[in-house]
Amino acid sequence: MDPVMLARIQFALTTIYHFFFVPLTIGLAFMIAIMQTLYAVKKNEIYKKMAKFWGHLFLINFAVGVVTGIIQEFQFGMNWSDYSRFVGDVFGAPLAIEALLAFFMESTFIGLWIFGWDRLPKKVHLASIWLVSIGSMLSGFWILTANSFMQVPVGYEIKNGRAEMVDFLALITNGQLLVEFPHVITGALCTGAFFVAGVSAYNLLKKKHVDFYKKSMNLALIIGLIGSLGAAFSGHAQAQYLVNTQPMKMAAAEGIWEDTPDPAPWSVFAWIDTEKQENKFELNIPYALSYLSYSKFEGSLKGMKTLQAEYEEKYDSIAGEETNYIPPVKTTYWSFRLMVGFGSAMILLSMIGLYLWRKGRLEQSGLFLKILLPAISFPFLGNTFGWVMTEVGRQPWTVFGLMTTADSISPNVSSKSILFSIIMYTVIFTILASVMIYLMVREIKHGPEEHKDEHSTVSIDPFNKAGV
Amino acid sequence: MELSELWFVLVSILFIGFFFLEGFDFGVGMSTRLLARDQKERTVMVNTIGPFWDANEVWLIAGAGSIFAAFPNWYATMFSGYYLLMLTILLSLIVRGVSFEFRRKVDDERWTNVWDWMVFIGSLLPPFLFGVLFTSMLKGMPINEDMNMVARFLDVMNIYSIWSGLTITLLCLLHGLTFLSLKTEGEIRGRSAAMAKKVLLAVYGALVVFVGLSWFMTDIFEVRPFLELMIVVLIVLAYGLSYYFISKRREGMAFTMTGLGIVLTVSAIFVGLFPRVMVSSLNKSFDLTVYNASSGAYSLKVMTIVAVTILPFVLGYSIWSYYVFRKRVSDKEHLTY
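Just so you know, the sequences run in chain order A and B. According to our numbering, the stretch in the first sequence is residues 1 to 468, in order. According to our numbering, the stretch in the second sequence is residues 1001 to 1337, in order.
What the hints contain is simulated information worked out from the structure, not anything from laboratory work. A portion of the hints provided could be inaccurate.
[Said to hold, decoys possible] Below, simulated SDA-like cross-link-like pairs (lysine to any residue); rule was C-alpha separation at most 20 Å, straight line: (1) A:Lys122 / B:Tyr1317; (2) B:Lys1105 / A:Trp117; (3) A:Lys445 / A:Ser434; (4) A:Lys314 / A:Ile158.
Starting from the given sequences, assemble the full structure and let the hints guide the process.
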């Protein structure tokens, strides 16, 4: 099999899998920090219980997130060595800073939080979970700095046959980053919120620990609304940014082959024929795409055919003759729509939930609660499709306009090795996911009661004396 | 000193820190099968490293990230060249990490036992493989003029690299045992010290052969004769002193000395490498060095500012965290893992 395809499959596998855990970590850490803050302020034991119970679920997720994260740091070198040589000067820095600034903080303070319930003063313990939350968001910032460079390269010069950093500030104020970072963080908040909401709904349906899960649900719905609305607004800003910076991705995401009329309609559904480069059937909302792209009811967008011709002119010297600059259109088009669909569903659910909450009818609304359980998957699907659109839509490039995916792989790694590692990862990932879900379900069934603790006796300080 | 040289030092420090810190938690992981008699003892052992292992592992992530940022060519050649070895390290670290969290989530002896085996294997393989990695790099690997390394199995696994891997593994085991005697009480405390004494003899034997093999199979004693010999003398001293302190039951000092031993041994490898980062067995001119593998001056300057600003904080709160959890761990208290 083609090593480029295998390397891509592996990248998709490891990053998508890892990114199930990342947004849940970011979202839940933030919510647990809020719960524990409420405990500190209101002195109500129920908030402590909440922090502990959701904390148990958080840690099961966190463990898998951490270990699958190590792969990310290794795989650029393993599968994409020519890419690493070409961009390391620019791309490596945010990764190293991520480790130094965010991972050390996150991992040290998560240890202090887990083991520190009885050892640390309350305020210090509370600060620990906040630092975990901040650390997880910071780590998102730095990895997105790296990713944004792949979408919209800035702050570099081509020297010695590679991209070299010339402006660090430009990297971290990359327009792409400024729209991508809030979008990812708000998506993560949705992930935490809908997880808490779904689990709470399940227990409210069973009438178990009603007070506990009502409080959890309330917080989840608020964070869910903030997150989903934030994701919509930042997503909109990101799409407008895309129109200017990566028009081909935008055209593919909208299924536009020929230049659109002015004003441009927005496609709700299209039967795309990539062979003939046309859409057989389209369902459009007039004016909408112009409005979405330019915030006014006029303006047209270039189609993929026009852009192909433009890109050939501009990029053939880098990518080679006869390069197809059109990404996989159906994947880009449909993942965009699925992401938007799941995002909109979350806005709607949060609003309905908060409405029912205010009317005091939440517990009686069986149907709504039943929908919230499968809705746990919505943010995960939204996140995944969003990334699929972003990364697949950038093809054939790894770094837009600078390096193609085909030129990025390790020339010295055989297809067999890549295939073997894909199989190994798949096996391990499947086992981990099964165990994790099994443990989470157990923990949820067990509920928020304290685990049986054998209480601690005073132990000896090893630094006090030398001998036994 | 050029910035690229400084970054070689910084990368070395991160990896030395990794071996010193994760070294003892690898050792504790190994002890769960080699020393512990039952599950209760394994639980105590795992909990001694509970709050630390994750942050210790970040030293590896930071080290690898720094190689990527400061020496993209080193990163690219090493990670792609050692593909299957890296894969094995990754898989080991993955199962190890989750096992700590999962091991007592179900109240069933077989469940815990399965994850405890994962802890053991996940603690045994990485130090061995890292030993193989760094020493085979030192001995020289088939790196061509395009900086690409296409290695056969025997290039990676030869007498020198396997022996070095075993040596590093033993050093970690010993370091873990002195950590356990420092962090536990009662029976485990005494038994880990007793076992540490025995392992120390094996460490001595392993190190003598390691130094001998290094003399014949690498050029480190030609490149830096004075420094390397001095390091060897210090290693002998450190482990000699650790034997003394273990016997005197000065556990803090014993742990410090076994840690110093690891620090010195890993330093010997990096000192021997410099100014190369990967030695080519095909042709001297194909060597990757701190000069031809590094990032540009601007990038290194930015990274230097960032690292110098952040590292003191990292060290500060890391040390504080060890201080918070300074008490000995015993099964008389509630154990988290």
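Hint-by-hint comparison with the structure:
1. Distance check on the hinted pair: lysine 122 of chain A and tyrosine 1317 of chain B sit about 17 Å apart at the alpha-carbon level, within 20 Å; holds.
2. Pair hint lysine 1105 of chain B plus tryptophan 117 of chain A holds up; C-alpha atoms about 18 Å apart against a cutoff of 20 Å.
3. Straight-line distance between C-alpha atoms of lysine 445 of chain A and serine 434 of chain A comes to about 17 Å, which keeps the hinted pair within the 20 Å bound.
4. Taking the CA atoms of lysine 314 of chain A and isoleucine 158 of chain A, the gap is about 16 Å. The hint holds against a cut of 20 Å.
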